[in-house]
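Visitor: Sequence:
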Amino acid sequence: MSSNRPTGPNDPRFTSGSGFFEVLGLGAVAGTVIGYSSVWEAISLYKTHQFMTPGSIMKIIHEAGIMPHEFVIPLAAGAAVGLLCGAFAGWKLADIPHEIHIRGRKLTHSSKDVARALKPAKKSAPGVNIHPSIKISEAQETRHMLFLGGSGSGKTSILWPVINQAVERGDRCLIFSFKGDFQQKAGFPFSLLAPWDSRSVRWQLGRDIRTRLHAESLAKTLIPTPDKDPIWAQGAQGLLTAIISEVQSKYGENWGFFRLAQACSVALSDYDSLVQTVMNESPLARSFLMGKDSKTTASYLAEMASNLSDVVNLGVADWSNKGTPWSVRRWLAGDLPGAAILGYMNESEELSKAFCSSIIEQVVKQILSFPDSDPDQRRIWLFLDEVPQAGKIPSITSALEAARSKGCRVVLGMQGVAQLEEHGYSKNTLDIWSGQCGIKIIANLSTPRDQKWAADLLGERELERYQSNTSVSNGGQGGGQQSGGFQRVKEHLLLPASFGTDLYVNEGKNGGPTALIVTPKVAGIIKWPFPVLAGRRPAFTEAGWIIPGFKRPGWGKAPPAVAMPSTPRGG
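In our numbering, the protein residues as written are 1 to 571.
It is worth saying that the hints were derived from the structure and are not from the lab. Each hint should be verified, as a subset may be incorrect.
Below, a list of computed lysine-lysine pairs in the BS3-like style, where the Cα atoms sit at most 25 Å apart [said to hold, decoys possible]:
1. K365 x K250
2. K135 x K119
3. K228 x K427
Start from the sequences, fold in the hints, and give me the full structure.
Guide: Structure follows, in structure tokens:
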């Protein structure tokens, strides 16, 4: 229940006939008598080593007075303590709640109430703390988490301790670092996946893209499908799948973006070579190449060249990268550092999205191929803060629905509904994702649309609330009559505007974010402390291939050159 309650006429304790003050007074009197008598008993034990009977106490009072000079201080102190304790007991016994919860979630401001609501079963393996005083089980970890809050709302401050606990436990952790703070402040060893950073490992693409299905999934993340006119992107995906299949056939598992980019550049620069590749590897995609005089073919090739600029740039990065080889398969097998941080370059959003979404997609695909496992036998985390910025990842929903049985924990962070839609997701995506996340933490929200969405997520509660009624007679001159009673009320657990006022970040000493944690039965507005963090290394170190003056290989032109089909005169 809310910690705020009204005072005055709408407080049922203060209505006529409630008995509140009578019980309060009786408690105070009884407490005073007990406190006073207890001091006499203590004096008797000290002097005679015996207890006094009530009659003996009354006799002493009759002879020496209520407050004998010799014992006035302890007797007065005992009576005062008794009065306070008795009054407090009377207050509690006579208390009448102004609200009686009927159904729906309860709202609390106590972390203890939330901890009780999330208390793991006795036989379940203990998991991480999502708050200094709130521990969940490993089974609850696999039900996933959703973090929602605007910029500067404190989401990352709440997330950091969870990441540190997971890494310290030895779990596999993939961490998306949109702002660069994770690789800057991490106090644990990790592999950096960021081709634009000189410290990056090198993704051995061929070890993960081994089948036709893998090739198709990679093509869908490298060339995302837009909501409008998807046929052009789908055609380009089909052609790219054919090129990937050719690279697989030629190099087996020993290839990366370098070989893929090289093959794309060659194919696009030679129309006959592209047709031959398609015929060998994907005859169905032949329909996209309708002949040298086809305007449709030219459109497909132009679309493909435009989207493959990112592939070529990643190929140049791979070609120049001498870093440690890394693959999803080896990482999941435990052969590489448990933490992998996925970087982002704001100066090139499309390149970052193509790379990041491809990594995440392949991680999810491989996790879903695992046999089922108990949560404490396999621990994999996907920490995807600001997940919309990673590009459209087709299998995120599948991960939420099916990966929990594989020991996977998905943690999604985002700013709001509009952010998801802006990056290619549907209007219902946030509803679907939130429904699959067992724990939801909502920080400050500033836009009315997001506030309304969050209020609807919490839903309504039904309760009985005391309401007083005052009737005035004789034109208001002759006094009035007051009555009251409990009335059934249905209302939002938290009003939309409250997500912008009650949830905030205290930047002062011992400050931290105040956020709402949502569980199936309880929603709690509680405060988190700021984590202790320090910058340990630069957030970004330029790779050589993005520095001005770097000489690209012949196939490294972006966008790649395209040999368009010739159009006959009059066509």
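Visitor: State for each hint whether it applies.
Guide: Cross-check of the supplied hints:
no., hint, in the structure
1, K365 x K250, "holds (24 Å)"
2, K135 x K119, "holds (7 Å)"
3, K228 x K427, "holds (15 Å)"
Of the hints listed earlier, there is not a single one the structure fails to meet.
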